[in-house]
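Respectively, the protein sequence lines represent chains A and B. Going left to right, the first sequence walks through residues 0 to 419 as numbering that gives the first Met the number 0 numbers them. Going left to right, the second sequence walks through residues 0 to 419 as numbering that gives the first Met the number 0 numbers them.
Worth flagging that the hints you see were computed from the coordinates, not collected in a lab. Keep in mind it's a predicted model, so treat the numbers as computed, not measured. Worth double-checking, as some hints may not be accurate.
Remember, identical chains collapse to one label, so a pair may be satisfied in a single copy or spanning two.
Here are the simulated DSSO-like pairs of lysine-lysine, each with C-alpha atoms no more than 30 Å apart in a straight line [stated by the list, open to error]:
(1) K409 - K77
(2) K77 - K44
(3) K174 - K77
(4) K218 - K46
(5) K409 - K135
(6) K46 - K77
(7) K409 - K218
(8) K44 - K386
(9) K174 - K386
(10) K386 - K46
Here are the chains, one letter per residue:
Number of protein chains: 2
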Amino acid sequence: MNGERVIAVYLAETPLSLEQAADAIAGEQSTGTFTAVPGETAELKEKHAAVVEFIEPLEEVDAPSLPGARVSAQHDGKYRRGRIAVSFPMHNFGPSIPNLLSAVAGNLYEMREMSGLRLIDLELPEAFAARYPGPKFGIEGTRRLTGAYDRPVLGTIVKPSIGLRPDELSVLVEKLARAGLDFIKDDELNANPPFAPLTQKVKAVMAAVDKAADATGRKLMYAFNITGDIGEMRRNHDLVVAAGGTAVMVSILSIGLTGLAELNRYSEVPIHGHRNQWGMLTRSPMLGIEFTAWQKLCRLAGADHLHVNGLNSKFYESNESVTRSIRACMAPLLGGYETMPVISSMQWAGTAPATYEAAGTLDVMHLAGGGILAHPDGPAAGFESMKLGWEAAVQGIPLEQYAERHSALKRAIEKYGGRE
Amino acid sequence: MNGERVIAVYLAETPLSLEQAADAIAGEQSTGTFTAVPGETAELKEKHAAVVEFIEPLEEVDAPSLPGARVSAQHDGKYRRGRIAVSFPMHNFGPSIPNLLSAVAGNLYEMREMSGLRLIDLELPEAFAARYPGPKFGIEGTRRLTGAYDRPVLGTIVKPSIGLRPDELSVLVEKLARAGLDFIKDDELNANPPFAPLTQKVKAVMAAVDKAADATGRKLMYAFNITGDIGEMRRNHDLVVAAGGTAVMVSILSIGLTGLAELNRYSEVPIHGHRNQWGMLTRSPMLGIEFTAWQKLCRLAGADHLHVNGLNSKFYESNESVTRSIRACMAPLLGGYETMPVISSMQWAGTAPATYEAAGTLDVMHLAGGGILAHPDGPAAGFESMKLGWEAAVQGIPLEQYAERHSALKRAIEKYGGRE
Numbered sequence: 000m001n002g003e004r005v006i007a008v009y010l011a012e013t014p015l016s017l018e019q020a021a022d023a024i025a026g027e028q029s030t031g032t033f034t035a036v037p038g039e040t041a042e043l044k045e046k047h048a049a050v051v052e053f054i055e056p057l058e059e060v061d062a063p064s065l066p067g068a069r070v071s072a073q074h075d076g077k078y079r080r081g082r083i084a085v086s087f088p089m090h091n092f093g094p095s096i097p098n099l100l101s102a103v104a105g106n107l108y109e110m111r112e113m114s115g116l117r118l119i120d121l122e123l124p125e126a127f128a129a130r131y132p133g134p135k136f137g138i139e140g141t142r143r144l145t146g147a148y149d150r151p152v153l154g155t156i157v158k159p160s161i162g163l164r165p166d167e168l169s170v171l172v173e174k175l176a177r178a179g180l181d182f183i184k185d186d187e188l189n190a191n192p193p194f195a196p197l198t199q200k201v202k203a204v205m206a207a208v209d210k211a212a213d214a215t216g217r218k219l220m221y222a223f224n225i226t227g228d229i230g231e232m233r234r235n236h237d238l239v240v241a242a243g244g245t246a247v248m249v250s251i252l253s254i255g256l257t258g259l260a261e262l263n264r265y266s267e268v269p270i271h272g273h274r275n276q277w278g279m280l281t282r283s284p285m286l287g288i289e290f291t292a293w294q295k296l297c298r299l300a301g302a303d304h305l306h307v308n309g310l311n312s313k314f315y316e317s318n319e320s321v322t323r324s325i326r327a328c329m330a331p332l333l334g335g336y337e338t339m340p341v342i343s344s345m346q347w348a349g350t351a352p353a354t355y356e357a358a359g360t361l362d363v364m365h366l367a368g369g370g371i372l373a374h375p376d377g378p379a380a381g382f383e384s385m386k387l388g389w390e391a392a393v394q395g396i397p398l399e400q401y402a403e404r405h406s407a408l409k410r411a412i413e414k415y416g417g418r419e
Numbered sequence: 000m001n002g003e004r005v006i007a008v009y010l011a012e013t014p015l016s017l018e019q020a021a022d023a024i025a026g027e028q029s030t031g032t033f034t035a036v037p038g039e040t041a042e043l044k045e046k047h048a049a050v051v052e053f054i055e056p057l058e059e060v061d062a063p064s065l066p067g068a069r070v071s072a073q074h075d076g077k078y079r080r081g082r083i084a085v086s087f088p089m090h091n092f093g094p095s096i097p098n099l100l101s102a103v104a105g106n107l108y109e110m111r112e113m114s115g116l117r118l119i120d121l122e123l124p125e126a127f128a129a130r131y132p133g134p135k136f137g138i139e140g141t142r143r144l145t146g147a148y149d150r151p152v153l154g155t156i157v158k159p160s161i162g163l164r165p166d167e168l169s170v171l172v173e174k175l176a177r178a179g180l181d182f183i184k185d186d187e188l189n190a191n192p193p194f195a196p197l198t199q200k201v202k203a204v205m206a207a208v209d210k211a212a213d214a215t216g217r218k219l220m221y222a223f224n225i226t227g228d229i230g231e232m233r234r235n236h237d238l239v240v241a242a243g244g245t246a247v248m249v250s251i252l253s254i255g256l257t258g259l260a261e262l263n264r265y266s267e268v269p270i271h272g273h274r275n276q277w278g279m280l281t282r283s284p285m286l287g288i289e290f291t292a293w294q295k296l297c298r299l300a301g302a303d304h305l306h307v308n309g310l311n312s313k314f315y316e317s318n319e320s321v322t323r324s325i326r327a328c329m330a331p332l333l334g335g336y337e338t339m340p341v342i343s344s345m346q347w348a349g350t351a352p353a354t355y356e357a358a359g360t361l362d363v364m365h366l367a368g369g370g371i372l373a374h375p376d377g378p379a380a381g382f383e384s385m386k387l388g389w390e391a392a393v394q395g396i397p398l399e400q401y402a403e404r405h406s407a408l409k410r411a412i413e414k415y416g417g418r419e
């Protein structure tokens, strides 16, 4: 580990010079305190200090993005933005995700030297690969378990989000499984609620999945939301596996990256990683974390699938940002850590072509809620329309044209086409 | 649990009316999807829907705080702010912190209906108390273990933050323990690093603590930073306890609230909760979480001590906000959940009077890094000056006047007094 370093790249905004801001970041997160203390030798600093690797100036602005920056009497009224890369010696914290976070994020967001700070990328050394084995299934394992090849893994989210009794859910799941869907996930609002405990849900859902599989020859993958406290998650996982389930789902920000890494230690099925609450960490443009950085930690911690929002979604995020997220998930990390990006929110057959263009691959999971469940001819036609949307995309045929020969797609366009 | 509800209070900003925004929040986090789906019956909505409890209009602004809000052609150019309270039926998720988070935060931060959203408070029903036992030591337990009564628990943070070898740390700790300090914590940057593994650190520190205790008759509380992955944390905790240690420390945002709750299941010593990374969730005024809400979850999950920043700190936060945080920690939660607020950053004897005024109590932990370690007459005088600062505060004697009779305080004022 000697000599190995983590590189953290920040988007920074400061009333100071970018050089002063960079030094403040490096000092705060390694050897600094507000007044020099005994024992802070030159040798210690040499061995443990964070180092500013590069500074790339960007634009200047007239107002601070965040409150509380300290401004001197001589301040010229400008706030300077730039990209700042800082490297940290690995021996300061070792290959530990939680301690990495304290080092590269830590108190930085609160510094008065900054009027904006966002962690935009992380470069991690090999030592992390030895500590965190990462996804056990990834793209190939998910295709093997679903039997879905040569197209995205297509599926839906249980709707209504909340409130179906296990017997009602069972009917819905069997219908969708018989319709040929590859995948269904619980809603993130619905894990192990008192009104429909997971024990009952797993039993009801797996009976439906198995019954449909006997008829169709393919076993639908149902991602049971097992989000919970640490011990509960283990019990939930074991319950799903014992019933023959082939996936579990967690809200990563609810259980933490340590919760995800712990689940990945014993998981026997793919882990479907939901990113609800993510907006809190990213919607303020000069604060928080960029998905590019965060997804690396999710993959290290073992997310086989990772939500990335969708193009033209109901959320605030731009299509450019969604595209960056999909591409980020596909870039190899430490030689592997394959995850399947999960595209969802306001998706339907018609979002396939743009999604294919954005992703540049079929190795994604494409989920439609209403886009499948509320298809005018029922969910089987909804699923069919999604497949047709991707066929058209891959063959480069305009959707309207492809729909002339395919009624499920035509009917989907009639219903959802005017939406945007 | 029937009939019990969680109430979440938000500070919201929207280009819509506050009523429309409130309905969007309630819908997104309970029964909504972008298009009506079969099974969304009136009965289901009645039983599971989130309900808008009140709307309190605040000011209007001319520009959105966050990007990506959708604005109609008829928009009047105004963004309305208000407080919105929404209640959620407990049977939707049960008394589970991780699933509570998915419900009250979830996708809300990403909604295009909002140009700002911040969770400012949570009201939790009794069911949470049955599930989460909370701090095992709290204020009384911490006083018992440190023997510090009738004043704040006073201590310091190991500095330099990073880089001391175990033998160097041992010398420092023994010196500070002999000086009479109640408490020392590891820096948050320093947990179980390869350059000084926790096994060696615990051995070296506890030898120093025990040696000093033999001489002084009081055992210093050293909070070892055991932040790590789930299994590692347990091993680290057991190591500390086996060596006779009396506290462990974790970076709560590194291990997650589930990690904290898990640690609290087996912990045998107080848990010192550090909030590094917190700025990420709170510095953008119209995004994230207010400390008032978050500290409740930390206390439920078991934080015996909880960092709240300090008055006149080196960070961006206003004194009003720090005062609110201290007071929030002191408000009873579900009839208990006592935690000791930890005040730190740029603290010294001179910050005692204002801190006492803000807290209105002595039941706090007051930590000074340089303010003790770099005192011109050494750390014993630094510690003495802190006690004197609090004596002056409690007696209502101006600091300068009290310092006339007390040289340790006088010397502290000479060194640190001009700092602000």
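Homomeric proximity label, K44 with K386: Cα distance no greater than 30 Å: Neither way: K44 and K386 sit 59 Å apart in one copy and 32 Å across, limit 30 Å.
Is it within a copy, between copies, both, or neither that the alpha carbon of K386 lies no farther than 30 Å from that of K46? neither (57 Å within a copy, 36 Å between copies)
Given identical chains, is K409 near K218, meaning Cα to Cα at most 30 Å, within a copy, between copies, both, or neither? Result: close within a single copy only, 28 Å intra versus 77 Å inter.
Treating 30 Å as the Cα threshold, decide for K218 and K46: within, between, both or neither. neither (55 Å within a copy, 33 Å between copies)
Evaluate K46 and K77 at a C-alpha cut-off of 30 Å and name the case that applies: within, between, both or neither. neither (35 Å within a copy, 54 Å between copies)
How would you label the pair K174, K386 (within, between, both, or neither) given a Cα cut-off of 30 Å? Result: close within a single copy only, 18 Å intra versus 71 Å inter.
From the Cα coordinates, with 30 Å as the cut-off, is the pair K409 and K77 best called within, between, both, or neither? neither (55 Å within a copy, 40 Å between copies)
Given a CA cutoff of 30 Å, do K174 and K77 count as a within-copy pair, a between-copy pair, both, or neither? Neither: 61 Å inside a chain and 47 Å across chains, both beyond 30 Å.
Go through the copies and call it for K77 and K44: within, between, both or neither, with a Cα cutoff of 30 Å. neither (32 Å within a copy, 52 Å between copies)
Within a copy, between copies, both or neither: where do K409 and K135 come within 30 Å Cα-Cα? Close neither inside one copy (39 Å) nor across copies (63 Å); limit 30 Å.
The structure is inconsistent with the numbered hints 1, 2, 3, 4, 5, 6, 8, 10, although it conforms to all the rest.
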